[in-house]
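Q: Now for the letters of each chain:
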Amino acid sequence: MGDEGLLQVRDISKSFGGVKAVKDVSLSLIKGEILGIIGPNGSGKTTLVNLITGFVKPDAGEVLFKDRKITGLQAHKIANLGITRTFQIMRPYHSLSAFKNLIVPLNSPRVRRTTGGRLGDRDAVAMDILEEIGFERDAYVPYKTASSLPLGYLKRLELARCIAMRPEIIICDEIFSGLSMAEIATMVPVLEKLEMEGITIMMIEHRLRELFRLVNRVIVMNFGEVLAEGIPREVMERQDVREAYLGTEVDSVRD
Amino acid sequence: MDIHILIYGTVNSVIFALIAVGFTLVYGVSRLPNFAHGALYVLVGFLTWSFIHDLKMNYPVAIILSLIISAFLGAIIYRLVLIRLRGMATSEIIASFAVSLIILEGLRMQGIGGFKGFIGPFYILPPFIEGKMRILGVLIDFQRLIIIGGGLAVVSLLWLFTHHTRIGLSLRGIAQDERAALMLGIDSDRAAVIALSIGSALAGLAAVIILPLGNVTAEAGYRVLIYALAVCIIGGLGSWAGTVLASFVLGFAMIVSTALFGAVWESVVLVGAIILILILRPSGLLGKQKELEERV
Amino acid sequence: MVIEETRRKRLDRGIKVRTESLYALSTWREMAYMILPRLTLILGLFILPLVLSMYWQRVLCSAGIYALLALGFDFLAEYVGLVCLGGALFIGSGGYISGILNAYLDWPPMLTIPIATLGGSVISTLILLPCLRLRGIYFAIVSFMLPLLAVYIIIALNVFGGTEGISALDTFPNIWVEQYIILGAVIFSLFAIRRLVNKDIGLIFRGIMDNDQAVKASGINITSYKTKAVFIASIIGCFGGAYLSHLYSWLGISLFAMDFSIVPIAASVMGGMGTLVGPVVGAFILTPMSEALRGFGQLRVVLYCLILIGFIVYKPEGLMNYLQRKYHQFEYWERV
Chain A
1 MGDEGLLQVR DISKSFGGVK AVKDVSLSLI KGEILGIIGP NGSGKTTLVN
51 LITGFVKPDA GEVLFKDRKI TGLQAHKIAN LGITRTFQIM RPYHSLSAFK
101 NLIVPLNSPR VRRTTGGRLG DRDAVAMDIL EEIGFERDAY VPYKTASSLP
151 LGYLKRLELA RCIAMRPEII ICDEIFSGLS MAEIATMVPV LEKLEMEGIT
201 IMMIEHRLRE LFRLVNRVIV MNFGEVLAEG IPREVMERQD VREAYLGTEV
251 DSVRD
Chain B
1001 MDIHILIYGT VNSVIFALIA VGFTLVYGVS RLPNFAHGAL YVLVGFLTWS
1051 FIHDLKMNYP VAIILSLIIS AFLGAIIYRL VLIRLRGMAT SEIIASFAVS
1101 LIILEGLRMQ GIGGFKGFIG PFYILPPFIE GKMRILGVLI DFQRLIIIGG
1151 GLAVVSLLWL FTHHTRIGLS LRGIAQDERA ALMLGIDSDR AAVIALSIGS
1201 ALAGLAAVII LPLGNVTAEA GYRVLIYALA VCIIGGLGSW AGTVLASFVL
1251 GFAMIVSTAL FGAVWESVVL VGAIILILIL RPSGLLGKQK ELEERV
Chain C
2001 MVIEETRRKR LDRGIKVRTE SLYALSTWRE MAYMILPRLT LILGLFILPL
2051 VLSMYWQRVL CSAGIYALLA LGFDFLAEYV GLVCLGGALF IGSGGYISGI
2101 LNAYLDWPPM LTIPIATLGG SVISTLILLP CLRLRGIYFA IVSFMLPLLA
2151 VYIIIALNVF GGTEGISALD TFPNIWVEQY IILGAVIFSL FAIRRLVNKD
2201 IGLIFRGIMD NDQAVKASGI NITSYKTKAV FIASIIGCFG GAYLSHLYSW
2251 LGISLFAMDF SIVPIAASVM GGMGTLVGPV VGAFILTPMS EALRGFGQLR
2301 VVLYCLILIG FIVYKPEGLM NYLQRKYHQF EYWERV
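Protein chains in written order, with this note's numbering: chain A, 1 to 255; chain B, 1001 to 1296; chain C, 2001 to 2336.
Calculated from the structure, these hints are not laboratory results.
Here the structure is a predicted model, which means the values were calculated and not measured.
There may be inaccurate statements among the hints.
What the hints assert, rightly or not - Simulated crosslink set (DSSO-like; lysine-lysine; CA at most 30 Å straight-line):
1. K66/A <-> K20/A
2. K69/A <-> K20/A
3. K66/A <-> K193/A
4. K2009/C <-> K144/A
5. K23/A <-> K57/A
6. K31/A <-> K193/A
7. K66/A <-> K77/A
8. K1056/B <-> K1132/B
9. K144/A <-> K2315/C
10. K77/A <-> K2228/C
11. K69/A <-> K23/A
12. K144/A <-> K193/A
13. K77/A <-> K2199/C
14. K20/A <-> K77/A
15. K2228/C <-> K57/A
16. K144/A <-> K2199/C
17. K2326/C <-> K144/A
18. K31/A <-> K69/A
19. K2326/C <-> K2009/C
20. K2315/C <-> K2009/C
21. K144/A <-> K2228/C
My request is simple: use the sequences and hints to build the entire structure.
A: Here it is in structure tokens:
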């Protein structure tokens, strides 16, 4: 593995109908970092996640993971390599209770392989992961069906499903959106702990203030292209970024 | 031989299009898979026959009357049954198929309340115009020419209806974005009732145009349903152009295979075509299935 | 004048709440509460043959076949999210294989039935395999068409007896074997499926139903799991088919008849989708009922379609969901 990074995206493009959702985007994710990806709505962030994780096939370009090409692989194969993601629109298994939601990733080939099939009691492992991420073990919450969980727990459940995969990379798609400051405050240490454990994290986020506390580096996207890249404070001082990003923010406030 | 295939293939394709167009309209507008489509087709054939033979009606009057009944039935099916099941695709299929079974098996019932259903194979509708003619050396009867003309007329009238009338435009609005249409004051239930009425009348229209070629049987109901489903799946559910395209693909495939291997193989070709297209393009030839639900 | 208004209040019984996940039962009363319904079903089914007349014993056998199909339908629809309207495909492939082995190779039923169960489910799974990529209504429509197309192919090729079918297959030694084989199979598959849907593989199936994208993101190949689910359902259905061809000592294209697709669905809707036991109970109610109406000819199809529509429109939860609720809750009127 070279210096370029754990995950490299090279000139990737995708258009839906006539709209170019992602245009020639290149970026690299360095092992152990937290990378933030920001940009106004419709700038192609989620499509980028879908392209990396194999949910959408790119029109052009490629994605390399540990210098191995992973474009064209099916989504579940990419997940088994250790690249997991959360969904912006949460996708819990409504009919299962919260801790049973984790049984699905715990049965993935990746977990079977990494644990050598000696995972032990999956329910207990699931419960441990949920506790780690802020579900109170002794309360009734982990036993509730996912359809009756409040938003904050659902967001955590999304992250818990990624953690259960024992991943190398977690891609969080707007995991803070819709949460209160207090809820975010309890999520941040979880992410910091994951970073300390050596997991590389890519965060797509609208909540800039919270994001900037976590990340070392941000990439700004606009109209499907990379607009800027660098340390958060420097990037946010650039005029074009302010126009692209904050311009819309000001508009939305005025509305 | 080639001209023969060309002409009869066209007739066959138009038959497919006529059968499927009502199903597509209903699904396109209200996302309702109307499994009673084939049953309504047979019902109209049966009603027309009964009106002519039992009530001694004039042929055109009998046709118009049974088409009106069919349109009403479509509306009633929606009002009584399907309206409570909107959005639950499985229940919609099961319920409309149950309606279809009630109609088709009901038509076979004998002697309950003086009702006489199908007995024996003598339920034949007369062709509109008797006689045959030669086109480019191929003998073809007038009824088949009427089918081609009728098919073209139905498709073009439907196009005019959906693109240039108020009701038609609102139906298309519902088809494209139900929620937006609701906000603009289009009543989705009313639109579905209209779509189902028109769709049922179209099933009936197909019946009166096509049935003079053979006789009316209850089994035809299942076959027509299968044909409609096959065309719609291959063309992509709810896609107009797809329906027409798939009708021609299937129509010609069946005629060619009949010419090459014999008539028994036409159904097998149907299977082959469906499975092949499903493997290659799961959403049909021109179907619009969203690649991913999440917005960009 | 004082108007007293009351409202009905429902409360879960304490034991129901406690037994939701992990539980320990201490008293006989509580154990009876859990065991009694199951015991009633099992004992009821096993005692039935002893009290029925010869004619109704045969009806019981065919009710068992429909119960198996209904169980498979309910499992696929409510626990995997595949609405398979082609139950006749399973009956047909199972019945044809066992019948052919019996007629052409002269193998005894005790050998043909297991082979046909496995072989038939492999074949029907392979047939359904290209459709597994389809979602929702597309899958329903295609699975509905497949049995009918199988009929067309058999007629076109004129194989396996063509439209006539093959008759004079070996039957079972006596009526008791006939009945207890199918009743045993029904009860075994019912409890096996109930157990399965709460195992890890069952949880993955339910995950696929709720959200296939998320299952993909968890590194699980959904097509392979859907294939497994279809295989499980077709084992149940193909056993029914193999059994059927020996029960009537006959095979023919009516093994692919619509009855085998529609009656199990009606039974599931009536019994309560998603309860697994409901469809079985529904089949044991519907089949004798339609048998009693046999004298009315086609009227019975019309009648059970009316029942089906009635349930789906006015009582979509079905019998079993209703009964379970009544069993687990108590109600009282509360003054407002």
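Q: Next, verify each hint and record whether it holds.
A: Verification of the supplied hints:
{"no.": "1", "hint": "K66/A <-> K20/A", "result": "holds (28 Å)"}
{"no.": "2", "hint": "K69/A <-> K20/A", "result": "holds (23 Å)"}
{"no.": "3", "hint": "K66/A <-> K193/A", "result": "holds (23 Å)"}
{"no.": "4", "hint": "K2009/C <-> K144/A", "result": "holds (23 Å)"}
{"no.": "5", "hint": "K23/A <-> K57/A", "result": "holds (14 Å)"}
{"no.": "6", "hint": "K31/A <-> K193/A", "result": "holds (15 Å)"}
{"no.": "7", "hint": "K66/A <-> K77/A", "result": "holds (15 Å)"}
{"no.": "8", "hint": "K1056/B <-> K1132/B", "result": "holds (27 Å)"}
{"no.": "9", "hint": "K144/A <-> K2315/C", "result": "holds (27 Å)"}
{"no.": "10", "hint": "K77/A <-> K2228/C", "result": "holds (19 Å)"}
{"no.": "11", "hint": "K69/A <-> K23/A", "result": "holds (19 Å)"}
{"no.": "12", "hint": "K144/A <-> K193/A", "result": "holds (26 Å)"}
{"no.": "13", "hint": "K77/A <-> K2199/C", "result": "holds (24 Å)"}
{"no.": "14", "hint": "K20/A <-> K77/A", "result": "holds (26 Å)"}
{"no.": "15", "hint": "K2228/C <-> K57/A", "result": "holds (27 Å)"}
{"no.": "16", "hint": "K144/A <-> K2199/C", "result": "holds (18 Å)"}
{"no.": "17", "hint": "K2326/C <-> K144/A", "result": "holds (22 Å)"}
{"no.": "18", "hint": "K31/A <-> K69/A", "result": "holds (17 Å)"}
{"no.": "19", "hint": "K2326/C <-> K2009/C", "result": "holds (12 Å)"}
{"no.": "20", "hint": "K2315/C <-> K2009/C", "result": "holds (20 Å)"}
{"no.": "21", "hint": "K144/A <-> K2228/C", "result": "holds (28 Å)"}
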